[in-house]
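Asks: Each chain, letter by letter, is given below.
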Amino acid sequence: MNTSLSWIKAYVPDLDCTAQEYTDAMTLSGSKVEGYELLDKNLEKIVVGKILSITGHPDADKLIVCQVQISADGETVQIVTGAHNVSEGDLVPVVLDGGKVAGGHDGSPLPEEGIKIKKGKLRGVESCGMMCSIEELGSSKEMYPEAAEDGIYIFAKDMYPDVKPGDDAVSVLGLHDANIEYEITSNRVDCFGVIGIAREAAATFGKAFCPPVIKETGNNEKASDYISVEIKDADLCKRYVARVVKNIKLAPSPLWMQRRLQSNGIRPINNIVDITNYVMEEFGQPMHAFDLDTLAGHKIIVRRAEDGEGFVTLDGQERKLDSSMLMICDAEKSVAIAGIMGGENSKITDNVQTMLFEAACFDGTNIRLSGKKLGMRTDAQAKFEKGLDPNTAMEAINRACQLVEELGAGEVVGGAVDVYPVKREETRVKFDWERTNRVLGTNIDKATMIGYFEKIDLKYDYEKDEVIVPTWRQDVLGQEDLDEEVARFFGYDNIPMTLPRGEATMGGNSFEQIIEDKARDFAESYGFSEAMTFSFESPKVFDKLLIPADSALRTVATIQNPLGEDYSIMRTLPINGMLTSLATNFSRRNKDCKLYEIAKIYLPKSLPLSDYTDERTELTLGFYGEGDFFMLKGVIEDYLEHIGMKKVVTYKNEQEHPFLHPGRQANIYYTGKVIGYFGEVHPAVSDNYGIGEKTYIAVLDMPVIVPMASFDVKYKGLAKFPAVSRDISMVMKKEVLAGQIEEIIRKNAGKFLESYHLFDIYEGAQIKEGYKSMAYSITFRAADHTLNDEEIGAAMSKILSALAKLDIELRQ
Amino acid sequence: MKERLQAIKEACFAKIEAAVGMDVLNEIRVEFLGKKGELTSVLKSMKDVAPEDRPKVGQLVNDCRAAIEERLEAVRSALAAKEREEKMKAETIDVTLPAKKSQRGHRHPNNIALAELEKVFIGMGYEIVDGPEIEKDYYNFEALNIPANHPAKDEQDTFYFNSEMLLRTQTSSVQAHVMEQGKLPIRVLCPGRVYRSDEIDATHSPCFHQVEGLVIDKNITFSDLKGTLAVAATKLFGADTKVKFRPHHFPFTEPSAEMDVSCFKCGGKGCRFCKGSGWIEILGCGMVHPRVLRMSGIDPEEYTGFAFGVGLERITLLKYEIDDLRLLYENDTRFLKQF
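Chains as they are written, first to last, in this note's numbering: chain A, 1 to 812; chain D, 813 to 1151.
Accuracy of the hints is not assured; some may be wrong.
In silico DSBU-like pairs for lysine-lysine, Cα to Cα no more than 35 Å straight-line [to be verified]:
| id | chain 1 | residue 1 | chain 2 | residue 2 |
| --- | --- | --- | --- | --- |
| 1 | A | Lys423 | A | Lys215 |
| 2 | D | Lys1149 | A | Lys544 |
| 3 | D | Lys1087 | A | Lys45 |
| 4 | D | Lys1030 | A | Lys32 |
| 5 | D | Lys913 | A | Lys694 |
| 6 | A | Lys446 | D | Lys1030 |
| 7 | D | Lys1087 | A | Lys9 |
| 8 | A | Lys646 | D | Lys1149 |
Read the hints as simulated data drawn from the structure, not as lab findings.
Could you put together the complete structure from these sequences and hints?
Replies: See below:
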């Protein structure tokens, strides 16, 4: 909502503050000012001047030399100008030597500091000041339609009969004003009109509130003789008021009205249209004007549209309607989409004789939904959507008729046709002033609180301790709303600052969050940086990742109204986000990119979605460049060990992940459970993402890991007895896995096994085709004695005989 | 004999004096003190000495040996020190050569900001809780006093799966879940992803993060809300940070407020960063609406509470002066490595 400060001051005449003071105070009392624009910014030393004489310039054909009177007592200056729309005797705005104007005459964007005007010589002739165009004064022809197209602004005698040389030209033009932009919250429907804001301003500054006095209007005819109104769908139309104006004289509206509309962002059209818009801005009540002669049967019927009905709105567009939308109809046809836009068939034209004014109250939600369906958003609709007070309709229509009379725009017919099935009455809210203090943490006395209410026309019933809420304050429903009224006029800033007392609570992170944080620390220590990717993606991702058509991963929660297909399904695996981020880095030539993400996947339990999905937090690591499969494996094992998962981690390539290289992937097992997987990204998938290097990815399923993690560490004594190592070198078929050998070692080495490690692996010339050699070092230790040869020999021979069963031979 | 020993000693000292290296010193040791050395041969000739003189001569020989050893050691250690000195001289390195760093990864700026926020509130006794992102309509709207047909429920803001299930538009949806557990008092902080149907641009993202705070207890006041957030602001943005509360409207709090903090760039004087106002809008908050309490089974006559919601990305962008929200979701390592 935008409006000029001068319009507010019209209803709060004692308001004396700068735009900044106004902004600060209104924002603190709850009418947030987003910003303001000073209309007199950079306008300095600008007076009304009278052109006494005009002579030619001796050296320039296009310039003229004017003698201009700039004060009441006859002081004159010489001004050279290139403008040609001035004549002797004209009154014009003159910026004096040392003054400032807002911009250039071409209307281009205004410079921040304005333009300084100094006396100087133009082609050798002294010029002391400048005569101004409306653009140089920072305004426009839209605001001042009487201004010359391309030349100096001239004060027209009929518009400014009392202006004389030396007057403050900025003041004469009404430019000592500011356009204020508000951010009105949706609960304050009353503040979507100037009167509502003015009431708040009066209360905020403690000044008298003087809204326009609405006089009775109309001749001694009766509107009901001209028109009848019937509401068929009363659920969507709470009130419909019609008045009639005849003998209409269309003309431009007066400048003051045009300027106020302009400052609210509305283009003036003619007196009748401008009056409807003016009243809409003033009261927040949209109005519509029909050409009465186009209304068949001189009848208004408010009813729902027919399904599939077509209708041409006054902008010439054909609209398709359905039976959820409310229409204004005459005896034969639809004439307007209620609350949104009038029809081409009934609009006011230049030939209008008699007109029907409509001020109605439609259901806000219905208007909003209809507007959405139609893809329309009009000013009227925006006001109706908030849910208006039906009681405003009569006031607004009477105000409009009053303006018609004042402006001489037509002859108002007496009376109104008012269909108002259920009158909305003011409400009462019980008030407990002590509770207000308890909730706010304040110590305000009751009388002060009631004073706040009365400032904004909330009356107080002292007997019943009830606040009487006028119908325009639909937001005041209970004690808590009154608490807020007290708070905002007491001043949020004046409420003390305390900390909650009462029972102490133990704060902290959950165990799950701690495990996740450890993962962050760990990934980072290995050079992985944290990524964040969107939770939704394209269904095409599955093909990109070579996921088969029947895969359960394709069972997804699908957004009904996504931003586009690319953001339409909730991810069921975290791979796409990671690969996309790696691809972004690859395409930007970032070397050695390592990323990790801790984020959720969303697995529907059933479709269509009727319950929560299984939201699983996944730790995803991905990289290209430096590092390989086994580096990634090391990160995983290190992390698991760090979070207390110290048992043996095993791996199986079950070729389960189509987006990974079939020969270079593994599921990760811990105590018999799959806790994740990792591997090299399938080259075809890397191609699909445009990553031109080997790429690796690991995924750990945190909900499985978290219950296995533990930080319960118990100290074990440091070894007092020496360890004994034995090396074995073996030759075996290539297919035999290191994991198999290690499993044999673990199972057969007995209780003294401390550790083992692979120290050599070889395939090649010395080994027969299809075979490889591996060498392990196995370390034994006992906690209570030095191991002897017998003990070690026994363990080793158990290992060796188990190995022999796998057709593994010891290498000589 | 005495003269002979003196002669040996002098000869030896002269050689030691002239010695230029460790190996020469070793040769001298062998020559004089070794098995075939001169002093040893003197000892061997002891049998020619009268038995009563032997202890005396023996003493003389030992004195001579000790003197030689002492001299040898003195020169040896001097030489060793010299040699070490020279070695170190040769070992001088160019200390300005490049450092060798291990490549550490970097935390996402959103999570750095979140960790700071969490730390502040954990310190005040808040528990960090999580809630579902795919949410039921009831928890995202109705339980927050946003009834059917409320403009905030409009499809243009909310992503729906169907009429029942949606992507939460605010972390406030966790409020009712926490309250329904029936454990009082409540002090929780709920960070997480939220979703709104906004096209992606420099200041909007359809997927972003919020952090919701909720406190419910007996005698919780609006002044407690102010005090709590003022303390948090000074911890997050510096001790000189001032806060300003402005009335606002949220369906689930009443009274409601927005909180501004004094611009941490200019300290409140007004700059381009705060658009000249000296203040930066940071969060929305208010007293939990009695209807919200009642819907979740808490008696508003006995308990009151406050809630606040912060846009995490907003804090991150402000804190690090990042001018484009999209950078946070691109994951360019050149961006991530700056944090």
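Asks: Hints first: check each against the structure and report whether it holds.
Replies: Cross-check of the supplied hints:
1. Note on Lys423 of chain A and Lys215 of chain A: the hinted pairing holds, with a Cα-Cα distance of about 23 Å set against a maximum of 35 Å.
2. For a cut-off of 35 Å, the pair hint linking Lys1149 of chain D to Lys544 of chain A stands: about 29 Å separates their Cα positions.
3. Only pairs whose Cα atoms come within 35 Å are accepted, and Lys1087 of chain D paired with Lys45 of chain A is accepted, the gap being roughly 29 Å.
4. Annotation: proposed proximity of Lys1030 of chain D to Lys32 of chain A holds, straight-line Cα distance about 32 Å (limit 35 Å).
5. A hinted pair counts as satisfied when its Cα atoms are at most 35 Å apart, and Lys913 of chain D with Lys694 of chain A qualifies at roughly 24 Å.
6. Taking the CA atoms of Lys446 of chain A and Lys1030 of chain D, the gap is near 23 Å; set against the 35 Å cutoff, the hint holds.
7. Simply put, Lys1087 of chain D and Lys9 of chain A have alpha-carbon atoms about 27 Å apart, close enough for the 35 Å limit, and the pair holds.
8. Between Lys646 of chain A and Lys1149 of chain D, the direct Cα distance comes to roughly 32 Å. Compliance with the 35 Å bound is thereby established for this hinted pair.
When each numbered hint is compared with the structure, no violation occurs for any of them.
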